[in-house]
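Work the whole structure out from these sequences, hints included.
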Amino acid sequence: DTAVSQTPKYLVTQMGNDKSIKCEQNLGHDTMYWYKQDSKKFLKIMFSYNNKELIINETVPNRFSPKSPDKAHLNLHINSLELGDSAVYFCASSQKAGLAGGEETQYFGPGTRLLVL
Amino acid sequence: QQQVKQSPQSLIVQKGGISIINCAYENTAFDYFPWYQQFPGKGPALLIAIRPDVSEKKEGRFTISFNKSAKQFSLHIMDSQPGDSATYFCAAREGYTGGFKTIFGAGTRLFVKA
Chain A
12 DTAVSQTPKY LVTQMGNDKS IKCEQNLGHD TMYWYKQDSK KFLKIMFSYN NKELIINETV
72 PNRFSPKSPD KAHLNLHINS LELGDSAVYF CASSQKAGLA GGEETQYFGP GTRLLVL
Chain B
809 QQQVKQSPQS LIVQKGGISI INCAYENTAF DYFPWYQQFP GKGPALLIAI RPDVSEKKEG
869 RFTISFNKSA KQFSLHIMDS QPGDSATYFC AAREGYTGGF KTIFGAGTRL FVKA
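Sequence lines, in order, name chains A and B. Heads up, the first sequence is in our numbering, so the first residue is 12 and it goes up one at a time. Heads up, the second sequence is in our numbering, so the first residue is 809 and it goes up one at a time.
Source of the hints: derived by calculation from the structure; they are not laboratory data. Treat the hints loosely; a few may be bogus.
[Said to hold, decoys possible] Partner residues are not named here, just some residues of chain B that face chain A (Cβ under 7 Å, in silico):
no., residue
1, S815
2, F847
3, G851
4, P852
5, L854
6, K909
7, G915
[To be verified] Chain B is nowhere near these chain A residues, computed Cβ spacing over 10 Å in every case:
no., residue
8, T24
9, Q25
10, T70
11, N73
12, H84
13, H88
14, E93
15, G95
16, D96
17, L126
18, V127
Glycine included, each C-beta is placed from N, C-alpha and C at the ideal position.
The structure is reproduced here in structure tokens:
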């Protein structure tokens, strides 16, 4: 059973197109995240949702819009794709947004490799 | 500006040797320090984590050493094996309006030679 799944695994598209990446977790977690990993492997948080509510929105262009229809799903829609959007996008989830001093394991999906031509 | 600085960028170790990866941070509000392991083509997975009130944590061949006063922490992999070849990320968690967020170091690519 896949705990955090993402579709598609690969996405090749032209500049200017709009695309979506879907994420689902079957762990019953409250919090879900989107991360971007660039070609140098640098991993940076983009968004975080807790119980369908947006709690973290890093300095991400407005072309990126997350949507959480329910606690188990967090999708990422990207408008007007640019060359610089090429990266691997990871969805992750964790049990809680985090309690002060509490431990937290983030479970990552397999990633979506986006290539913008 | 990297809030969590990780070194080295890459590391080659002989099988059976000790792999050491170092991280440093500035924000004293960080309250949790996990290490993630990532194999090629896969998502990162939690390896081991420590809280700042603990100086050392060991799980099997993996040990975190934490120096709160120096704001540094490190991962030691004892008896390194070829199967340990992966990218390792240190990370730190900070409070944020409504929750917490995890900030990752730049990663260390470890290669263990057989």
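Evaluated hints:
The interface hint given for S815 of chain B is violated, since its Cβ lies 14 Å from the closest Cβ of chain A, which is over the 7 Å cut-off. Nearest Cβ of chain A to the Cβ of F847 of chain B: about 11 Å, over the 7 Å cut. The hint is violated. Among the interface hints, the one on G851 of chain B holds; its C-beta lies about 3 Å from the nearest C-beta in chain A, closer than the 7 Å criterion. The criterion of a C-beta within 7 Å of any C-beta in chain A is met by P852 of chain B, whose closest approach is roughly 5 Å, and the hint holds.
Hint on L854 of chain B holds. Least Cβ distance to chain A is approximately 5 Å, under the 7 Å limit. With 7 Å as the threshold, the beta carbon of K909 of chain B comes within range of chain A, its nearest partner Cβ sitting at about 5 Å, so the hint holds. Among the interface hints, the one on G915 of chain B holds; its C-beta lies about 5 Å from the nearest C-beta in chain A, closer than the 7 Å criterion. Non-interface call for T24 of chain A relative to chain B: holds, since the shortest CB-CB distance, roughly 20 Å, exceeds 10 Å.
With a least CB separation of 25 Å from chain B, Q25 of chain A remains clear of the 10 Å interface cut-off, as annotated. The claim that T70 of chain A is not at the interface with chain B holds, since no C-beta of that chain comes within 10 Å of its own (minimum 13 Å). Every CB of chain B lies more than 10 Å from the CB of N73 of chain A, the least distance being 20 Å, so the non-interface label holds. At the 10 Å boundary, the C-beta of H84 of chain A stays outside the reach of chain B, the nearest C-beta of that chain being 17 Å off.
A cut-off of 10 Å between C-beta atoms confirms that H88 of chain A is not in contact with chain B; the least separation is 21 Å. With a least beta-carbon separation of about 23 Å from chain B, E93 of chain A lies farther than 10 Å from that chain, consistent with its non-interface assignment. Distance to chain B confirms G95 of chain A as a non-interface residue, since its nearest Cβ pair spans about 19 Å, more than 10 Å. With a least CB separation of 19 Å from chain B, D96 of chain A remains clear of the 10 Å interface cut-off, as annotated.
A cut-off of 10 Å between C-beta atoms confirms that L126 of chain A is not in contact with chain B; the least separation is 15 Å. Even its closest Cβ contact with chain B, about 20 Å, leaves V127 of chain A beyond 10 Å, as expected for a residue assigned away from the interface.
Of the numbered hints listed earlier, those contradicted by the structure are 1, 2.
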